[in-house]
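Okay, here's what each chain looks like letter by letter:
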Amino acid sequence: MTAAPETQPLASVVPSDRREWLPSREYAIVLVLIAVPLLYETFWVFWPAINTAYISLTDWGGGSSKSFVGLDNYRRMPDDPVLREALGNTAVWVLGYGVLIVLVGLALAVVLQSQRRGIGLYRAAIYLPMVFSLVVTGLFWRVLYYPTGPVNAVLGAAGLEGLQRQWLADPSTALYAVMIAAIWRGVGYVMVLYLAGLKATDPQLNEAAQLDGCTGWRAFRYVVFPQLKPVHTVVLAVAMIDSLRTFDIIFTMTQGGPYNRSELLSSYTVQRMFTALDYGYGSALAVVMFLLTLGFIGLYLHRAEPKDVQS
Amino acid sequence: MADVSRRRFLFNGAAGAAGVLAGGSLLAACGSDGDGGSASGTSPGVTSSAASESAPKVSSLTLQSLASDPVPKEAMEEIVALWNTQNEPTLVLNTVSTEIFRAQLPTYLSSAEPPDALTWLAGSVARDYASDGLLLDLSDIWESDFAGFSPALKDLSTDAQGRQIFVPTNYYWISCFYRKSKFEEWGVTPPETWDEFMDVCETIKSKGADPITMGTGTSAWVASNWFDYLNMRVNGAEYHLDLLAGNRRFDDPEVRKTMSYFEEILPYIDPNGRSFGWQEAAAPLAQGNAGIYLIGAFMTTVLPEDVVPDIDFFRVPIIDPAVPAAEEAPTDGYFVPSQVRSPADAKRLAAFLGGKEAQQIWIAGNTSRVGTHPDLDTSTVPEMTKRGIEHLNNAASLTQFFNRDSSDALQVTADAALTRFLDEPGSVDSILTEWQTAAEEVFKA
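Chains A and B are the protein sequences, given in the same order.
Here our numbering is used: position 185 in the first sequence is 185, and no number is missing along the way.
For any residue, its number in our numbering is found by taking its place in the second sequence, counting from 1, and adding 1000.
Careful: at least some of the hints might be erroneous.
As the list claims (entries may be wrong) - Calculated lysine to aspartate or glutamate pairs in the EDC-like style (CA-CA distance at most 20 Å, straight line):
id: 1; chain 1: B; residue 1: 1444; chain 2: A; residue 2: 59
id: 2; chain 1: B; residue 1: 1207; chain 2: B; residue 2: 1195
id: 3; chain 1: A; residue 1: 66; chain 2: B; residue 2: 1113
id: 4; chain 1: B; residue 1: 1444; chain 2: A; residue 2: 202
id: 5; chain 1: A; residue 1: 229; chain 2: A; residue 2: 248
id: 6; chain 1: B; residue 1: 1207; chain 2: B; residue 2: 1184
id: 7; chain 1: A; residue 1: 66; chain 2: B; residue 2: 1132
id: 8; chain 1: B; residue 1: 1205; chain 2: B; residue 2: 1184
id: 9; chain 1: B; residue 1: 1444; chain 2: A; residue 2: 80
id: 10; chain 1: A; residue 1: 66; chain 2: B; residue 2: 1441
id: 11; chain 1: B; residue 1: 1154; chain 2: B; residue 2: 1137
id: 12; chain 1: A; residue 1: 66; chain 2: B; residue 2: 1137
id: 13; chain 1: B; residue 1: 1356; chain 2: B; residue 2: 1113
id: 14; chain 1: B; residue 1: 1444; chain 2: A; residue 2: 72
id: 15; chain 1: B; residue 1: 1205; chain 2: B; residue 2: 1185
id: 16; chain 1: B; residue 1: 1057; chain 2: B; residue 2: 1074
Everything labelled a hint here was simulated from the structure, so no lab data went into it.
Please put together the full structure from these sequences, using the hints given.
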């Protein structure tokens, strides 16, 4: 008596029949499960975001008087030399950081994928910086880059005195010096993503290629690499978004200096908002940053979607 | 698997982007929570003797403080404890890190239930809030409690309408600090004129040390010490303050002249200072590898204890004897928001905070600071600080510091211009032109 009704629903657990089967109580639970995050997001993400967009249309110093100025804050942008600098630096940063972290992360994953004794130690060592906060990373690298610090000492010992410089104070190297520190910290994460991707490649396919005489670089390029496609999209998205929101490491290492030469859109936004107390213009910069990020996500979706549908 | 992770990352990405947007308004929104201690509303049971009949009675008062470093924080806690043993209602201390305090200050002042007193800096940075109508007129406690304060301090605390809106409690002096033993070793004495100063620099350099240390890496404002002083020595304090108020131009020939003196000292500055913060730049001075550091007296707090007794200072040398020697004396204190629930209680608190007992506690903990109260017991004050007091008393006039005499927004333009000048003194003309353009943006905003 009890067995029959219990076995029957098993068949109807198939998703297409669910609608008829679900009792109303479960609908309520589903509704709550959707509504709670929605409310949370609305209050903590969407409302502040819309509010920021509104502030970007005002002239506000943080006090009580907030006057509506329309698009004035946006009109100021083309004449702002620091913004031009920050946009240029952000482009260099997104490209440089994005490309390098993917290449280095992939290379490390390929080198460290084999199961040899002690290799876990290497992997752990490379992943370790990921557990440091960016602020700690920044302070650590600041010491490495000291005028009398280890980086210059190594160059001196190697007879490369000509290359010694004040890495963070030199306008031509500051941005790249910070970028290397950021990559050092983030590359372990990319490596782990690729290690997982490499594990998921089809061993039979790899073996078949090997039997057919396809080894070394060619095997990697034409057999393994295409199989990593889903990981590439994830890694690229992570790298792009990470690089656009980079702020803390710039702030601890150079504060955008010397004279704005390492200013990124994010650090400049913070400077305008919280140092100059120009919330209107700062918010306008945040909106621009949001649109840029959105653009990247759109571009990525556009490129990623059709390929995924095929596979 | 790929599909799932892609979506998750996309979602995170979108949230991240929205988070960027949200940052500003969220932080701004937090401000109204800052006075949580005092938000409990009114309590009719508590009466205070000084509160007038019409003023609402409050159950507690809040003091919003940016003194978050251990030593000043401890002194502040002691001051609050003293209030609570002597007075009602209860005073609650709310300490916030300096950066957050600075960013949130406009929100604190304009919130519906603001703190009853806040720590802040004297000068334009305070007056600007008075002209927005955000500060309480404290003229009557100046009449009663602070009548003995120096006229210079009263001027400094007075807004454009002639009301006193600030309670100055302590200040420090900015000078050329050096090690007595090293000067003796190098055979130099503190210079008084510009020519003597150049000679001293030359001698120190010939002994293999860097004559001047300056940490402009993570604290670019340090360069403004030199700019302020050179501009005041060349063009006078009045011109300097006019420039900072936007009534003069940074590409004026007067400023250009100031920069030519700045250029003269460039070969004597420790080049490594470009990578240092102000604290790190004190190390070469302490080690005897650098001769002179132009900075506030607070610099002594980062020196090794055994070096401190060897430290002395001299006045920034006179360039033009016809220009009266002004000195920088950045002044700290308190002000009160205009919207406090009980102005009478808040004024009583302000009078206490500026009073002798509270100041005595403060200078006991912060020995490089000079109290403002005329009746302070200075017997325990270190010898150098006493000379600092004398040094300021002899000044023709007192200024604050670049950002305090203008705004933090203008300071950002100075930082960019001056650090670039340190690197490219040859481009001084274009640097000054760009500085003027950036400054105009600040004054327009």
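Cross-check of the supplied hints:
{"no.": "1", "hint": "B:1444 / A:59", "in the structure": "holds (11 Å)"}
{"no.": "2", "hint": "B:1207 / B:1195", "in the structure": "holds (19 Å)"}
{"no.": "3", "hint": "A:66 / B:1113", "in the structure": "holds (19 Å)"}
{"no.": "4", "hint": "B:1444 / A:202", "in the structure": "violated (64 Å)"}
{"no.": "5", "hint": "A:229 / A:248", "in the structure": "violated (31 Å)"}
{"no.": "6", "hint": "B:1207 / B:1184", "in the structure": "holds (12 Å)"}
{"no.": "7", "hint": "A:66 / B:1132", "in the structure": "holds (12 Å)"}
{"no.": "8", "hint": "B:1205 / B:1184", "in the structure": "holds (15 Å)"}
{"no.": "9", "hint": "B:1444 / A:80", "in the structure": "holds (13 Å)"}
{"no.": "10", "hint": "A:66 / B:1441", "in the structure": "holds (18 Å)"}
{"no.": "11", "hint": "B:1154 / B:1137", "in the structure": "holds (13 Å)"}
{"no.": "12", "hint": "A:66 / B:1137", "in the structure": "violated (23 Å)"}
{"no.": "13", "hint": "B:1356 / B:1113", "in the structure": "violated (29 Å)"}
{"no.": "14", "hint": "B:1444 / A:72", "in the structure": "holds (12 Å)"}
{"no.": "15", "hint": "B:1205 / B:1185", "in the structure": "holds (13 Å)"}
{"no.": "16", "hint": "B:1057 / B:1074", "in the structure": "violated (29 Å)"}
In this structure, the earlier hints numbered 4, 5, 12, 13, 16 are contradicted, and the remaining ones agree with it.
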